[in-house]
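Participant: Each protein sequence line maps, in turn, to chains B and A. Residues 1 to 541 (full-length UniProt numbering) make up the first sequence, in order. Residues 1 to 541 (full-length UniProt numbering) make up the second sequence, in order.
Since the hints were made in silico from the structure, they are not lab data. Ideal Cβ positions, reconstructed from N, Cα and C, are used throughout, including at glycine. Heads up, a few of these hints could be off.
[As the list claims (entries may be wrong)] Okay, derived cross-link-like pairs now, BS3-like style, lysine-lysine, Cα gap no bigger than 27 Å in a straight line: (1) 350/A - 315/B; (2) 315/A - 444/B; (3) 364/B - 315/A; (4) 364/A - 444/B; (5) 315/B - 283/B; (6) 299/B - 126/B; (7) 315/A - 450/B; (8) 285/A - 478/B; (9) 478/A - 241/B; (10) 478/A - 315/B; (11) 315/B - 241/B; (12) 350/A - 295/B.
[Unchecked claim] Simulated restraints, written as ranges between beta carbons of each label pair: (13) 524/B - 518/A: 50 to 56 Å; (14) 518/A - 496/B: 44 to 50 Å; (15) 177/A - 475/B: 24 to 30 Å; (16) 118/A - 120/B: 29 to 35 Å; (17) 519/A - 365/B: 23 to 29 Å.
There are 2 protein chains.
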Amino acid sequence: MKILIKHLFVYGLLFIIHHTVNAQSTVEQWGRFELTLKHKPNGNAFTDVNLKATFTSKDTAYTVAGFYDGNDTFIVRFMPSKTGVWKYVTQSNIAALNNKKGQLECIKATGNNHGIVQVSDVYHFKYADGKRYYPLGTTSYAWTHMPNEVQEMTLRTLKNTGFNKIRMGVFPKNYDLVKEEPTLYPYVIKEIKKDSTGKEIKVWDYSTFNPSFFQHLEKRIDNLHDLGIQADLIIFHPYDKGRWGFDEMPMEANLHYIQYLTARLSSFQNIWWSLANEYDYVKSKTDADWLTLTKAVIKNDPYRHLCSIHGSTAKYFDYWRPEFTHVSVQDEAPVMNWGAASIARNIYNKPVIYDEVGYEGNLKHRWGRYSGEEMSHLIWMGIIGGTYVTHGESYMFKDLRDTIFWAKGGELKGTSWKRVGFLRKILEETDGGLEPADMSRDAKTTTTGKGVYIVYLGNEINNKWLFNLPHKNANFEKRPVKGNRYKVEIIDTWDMTIKVVPTTFELSEVNDYRFYDKDMKQVRIPLKPYLALRITEIPKL
Amino acid sequence: MKILIKHLFVYGLLFIIHHTVNAQSTVEQWGRFELTLKHKPNGNAFTDVNLKATFTSKDTAYTVAGFYDGNDTFIVRFMPSKTGVWKYVTQSNIAALNNKKGQLECIKATGNNHGIVQVSDVYHFKYADGKRYYPLGTTSYAWTHMPNEVQEMTLRTLKNTGFNKIRMGVFPKNYDLVKEEPTLYPYVIKEIKKDSTGKEIKVWDYSTFNPSFFQHLEKRIDNLHDLGIQADLIIFHPYDKGRWGFDEMPMEANLHYIQYLTARLSSFQNIWWSLANEYDYVKSKTDADWLTLTKAVIKNDPYRHLCSIHGSTAKYFDYWRPEFTHVSVQDEAPVMNWGAASIARNIYNKPVIYDEVGYEGNLKHRWGRYSGEEMSHLIWMGIIGGTYVTHGESYMFKDLRDTIFWAKGGELKGTSWKRVGFLRKILEETDGGLEPADMSRDAKTTTTGKGVYIVYLGNEINNKWLFNLPHKNANFEKRPVKGNRYKVEIIDTWDMTIKVVPTTFELSEVNDYRFYDKDMKQVRIPLKPYLALRITEIPKL
Chain B
1 MKILIKHLFV YGLLFIIHHT VNAQSTVEQW GRFELTLKHK PNGNAFTDVN
51 LKATFTSKDT AYTVAGFYDG NDTFIVRFMP SKTGVWKYVT QSNIAALNNK
101 KGQLECIKAT GNNHGIVQVS DVYHFKYADG KRYYPLGTTS YAWTHMPNEV
151 QEMTLRTLKN TGFNKIRMGV FPKNYDLVKE EPTLYPYVIK EIKKDSTGKE
201 IKVWDYSTFN PSFFQHLEKR IDNLHDLGIQ ADLIIFHPYD KGRWGFDEMP
251 MEANLHYIQY LTARLSSFQN IWWSLANEYD YVKSKTDADW LTLTKAVIKN
301 DPYRHLCSIH GSTAKYFDYW RPEFTHVSVQ DEAPVMNWGA ASIARNIYNK
351 PVIYDEVGYE GNLKHRWGRY SGEEMSHLIW MGIIGGTYVT HGESYMFKDL
401 RDTIFWAKGG ELKGTSWKRV GFLRKILEET DGGLEPADMS RDAKTTTTGK
451 GVYIVYLGNE INNKWLFNLP HKNANFEKRP VKGNRYKVEI IDTWDMTIKV
501 VPTTFELSEV NDYRFYDKDM KQVRIPLKPY LALRITEIPK L
Chain A
1 MKILIKHLFV YGLLFIIHHT VNAQSTVEQW GRFELTLKHK PNGNAFTDVN
51 LKATFTSKDT AYTVAGFYDG NDTFIVRFMP SKTGVWKYVT QSNIAALNNK
101 KGQLECIKAT GNNHGIVQVS DVYHFKYADG KRYYPLGTTS YAWTHMPNEV
151 QEMTLRTLKN TGFNKIRMGV FPKNYDLVKE EPTLYPYVIK EIKKDSTGKE
201 IKVWDYSTFN PSFFQHLEKR IDNLHDLGIQ ADLIIFHPYD KGRWGFDEMP
251 MEANLHYIQY LTARLSSFQN IWWSLANEYD YVKSKTDADW LTLTKAVIKN
301 DPYRHLCSIH GSTAKYFDYW RPEFTHVSVQ DEAPVMNWGA ASIARNIYNK
351 PVIYDEVGYE GNLKHRWGRY SGEEMSHLIW MGIIGGTYVT HGESYMFKDL
401 RDTIFWAKGG ELKGTSWKRV GFLRKILEET DGGLEPADMS RDAKTTTTGK
451 GVYIVYLGNE INNKWLFNLP HKNANFEKRP VKGNRYKVEI IDTWDMTIKV
501 VPTTFELSEV NDYRFYDKDM KQVRIPLKPY LALRITEIPK L
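Bound conformation, chain B alone:
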């Protein structure tokens, strides 16, 4: 038996160091420590071998599951959250894998390593190190199942965007316009049957995973990590339609799959769990099943990565359950109408991500033919409601072999993706999550609570804007007062320009719930849609 320790992720670099078990090893905070144990198993190592390890620091202990990676290799992965020495010891029903001890030193994170993303300030997100994270993601359900050159193209594409999240499925997709057969399958084939029409049907051995499939998925998640992108990983989806049957496996197989997936991936810093896309279209599972599966994910993820579930249009799961860290919902009405995005937020008291409000594209389907302007506008409509909206693109220009980013990745052909990058820059410049300043009364004004406002004018066209701010300042204690002075910038969300208004504004008394400039000054704005205003308090001398 050989024992290997790999530790990965010192950002951009990949160290593979071979040690004996008791050797000291260093890994960055929220990085990935990997203990590899070689052992030739008898029987089915995926079902017959239990392996876990307990990692103990001065004041914390984590017990994490290991997994069989094929090729007589057993692996335990761990993501240390605190600096200092962590000791570990394995437990297994196989003597050769049991009671293996060692330690690692967790060192401070460096560079772009900010830790896992978590909920912050009820409605928003931060990395574990406190840096704010504003989810501005896109969608490519089956990109990891495309030919390798398309996958590489997808990564090159993403590198040049501002996206920091991508929704993607574990399983391949069989749907209109997406018919590609994957090169790797998650399971070993037990037999190939033919149905009455002579069509081949693969019968899977659900007890025997195909490690190559998962190794490939992991490589892609690491690739995304290198680009600063969170992998919002869709565990189940309905886009199978009898082709592979991964949407209708027996419950025991579902739970085994979750156990294996989470053992492999929980230590990945940039993973989010999405139990399903359009869960309600997966006809083989009930709401109770979904809850069982969700609980299984959480039980096996000691780090408690972000976790949600996604339904078809306007289908809201029981997001108030503590298992769900945030709302990941498909619904366009909340962002197509002023004042509507905040409602779900007010109900759940959790972050809301509208993870599908339609796609910029040229499809026949109404969900797949927004203009770039509309897609960009809907994302801003979410932001101005104190929520977040995920981008998507579904252009189909040539033939069925054309990549269509929505499912296959490849190149982006639209225009809204660039505006998402511009929005991200603006959000990252603000110090705080944006909160609707005067809930249910003013649908256009958000505040950081600390003197910065973003006002979004949307599809309204005016030549001036009367300077005014609400008296309310969301739920922040400090409200604006008479005499406060502000700088105003005009943001063209479409042309991606920011112009400073060459005058300052000073608050008069509160008048009918609002403040106006003491001279009732107006801001001259261009006669164009999709403008926003950034209003920043000028510190008193």
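Mind docking chain A on chain B? Use the hints.
Facilitator: Frame of chain B, contents of chain A only:
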């Protein structure tokens, strides 16, 4: 000891029949049976005497609490839900009240007795006998605490409106513009203290209720019943501000109050429980307290009347809890914006009543100065989202002694109340609850699922409407098909007119998710806001 049986409510009539215990008595289904037992108690009958009775029919049994009504009188009330003979037997820790037996015959409901209102079809309501109930209520928080002539005026006013629900508090109200001292208090005064400023402070004996207070409340609830109006009874509210202290009684007193209130009122056919108005402004109670209080109400209400809780603007309680039959929320954004009303409905899968979106009136407060048109429009905006909206009026014309319907009742001075009656007539003509036909995509078209559509055009002004219907028909199985023919009526929701369009329309093929008339016919409409269209399928010959 004397034993009396009263049975009330043979609609409009009030029978008081004195019987010995074992006498047969008849009462209508969902009517109120009352067993009165005379006994001179030792000590405090409100706290020391337990009294309940079990009513048993062929296949059902209810155990209901009795209560002390003062004047050596103990009462047990019961609302039989099924026709036939019900036998009862009392249980008490007082021998004189224990093991009293008798029976009653429950006869079929007659006239306007349709039973209690319950949830139906997920998002809507029906009376127990199956008749649909469309909640179109108004609000008068403290009308039962005004001088008697104002209360009588309120009842005369309500009689001439279409309102079928009223939100009203048990306790008196102390708030801007509502300062009246009630003539009755729920408790006996223990002592009167003076605070440091010399102001008198009443100290209540929370263990000793004042039966007259509750008898008066009951009389008013019965008066409402005679008018076909549901009493949405607010059990707690924050509008006290140290004047009486009913918003900050000890938890034990709160629970005793609920026990007493529900023992008295659960048998009232037209009662709804509203745990609070603006619960979050009641600073003495936590969310956990509210849940405890809600559970206490339900435990003591064997009939399970409708039950909810109401918060301040955009404050949504945990309405998904099974204790709450429906959502009773204060929020104006959902009805001020197209497509927004349905969001809460989709989330909770329960009926949503926007029980406060502001008031028609002339107050300075922004919540109290809508025009009649705006109030009426907001109510229609709720209806078109598959939800319901409660009316309110807050005109203040003369001086502080002027009645202001919102709190005091009296006369209605506005214009929207009449339109609510008109709307009720339209809803009662439809056979079904109105469901958004194409959720999240078409915010203006509702369907009964059975060939009747209501399209609301709101504040848009056009001179024609291209006849079109969505292909989707909410979640109803039967979608419209090519060749279907329809009658169209133009409803002027403000002028309260309904005009039939003198031509019929026939569906062509589905085209981009919609049906159009085969000749692309348009409906000529007047250049006015607040129009609706009623589109009714013409049966095939």
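Participant: It remains to establish, for every hint, whether it holds in the given structure.
Facilitator: Results for each hint:
no., hint, result
1, 350/A - 315/B, "holds, 14 Å"
2, 315/A - 444/B, "holds, 20 Å"
3, 364/B - 315/A, "violated, 40 Å"
4, 364/A - 444/B, "holds, 23 Å"
5, 315/B - 283/B, "holds, 14 Å"
6, 299/B - 126/B, "holds, 23 Å"
7, 315/A - 450/B, "holds, 23 Å"
8, 285/A - 478/B, "holds, 25 Å"
9, 478/A - 241/B, "holds, 25 Å"
10, 478/A - 315/B, "holds, 21 Å"
11, 315/B - 241/B, "holds, 21 Å"
12, 350/A - 295/B, "holds, 26 Å"
13, 524/B - 518/A: 50 to 56 Å, "holds, 51 Å"
14, 518/A - 496/B: 44 to 50 Å, "holds, 47 Å"
15, 177/A - 475/B: 24 to 30 Å, "holds, 27 Å"
16, 118/A - 120/B: 29 to 35 Å, "violated, 42 Å"
17, 519/A - 365/B: 23 to 29 Å, "holds, 28 Å"
Of the numbered hints given earlier, the model fails hints 3 and 16; all others are met.
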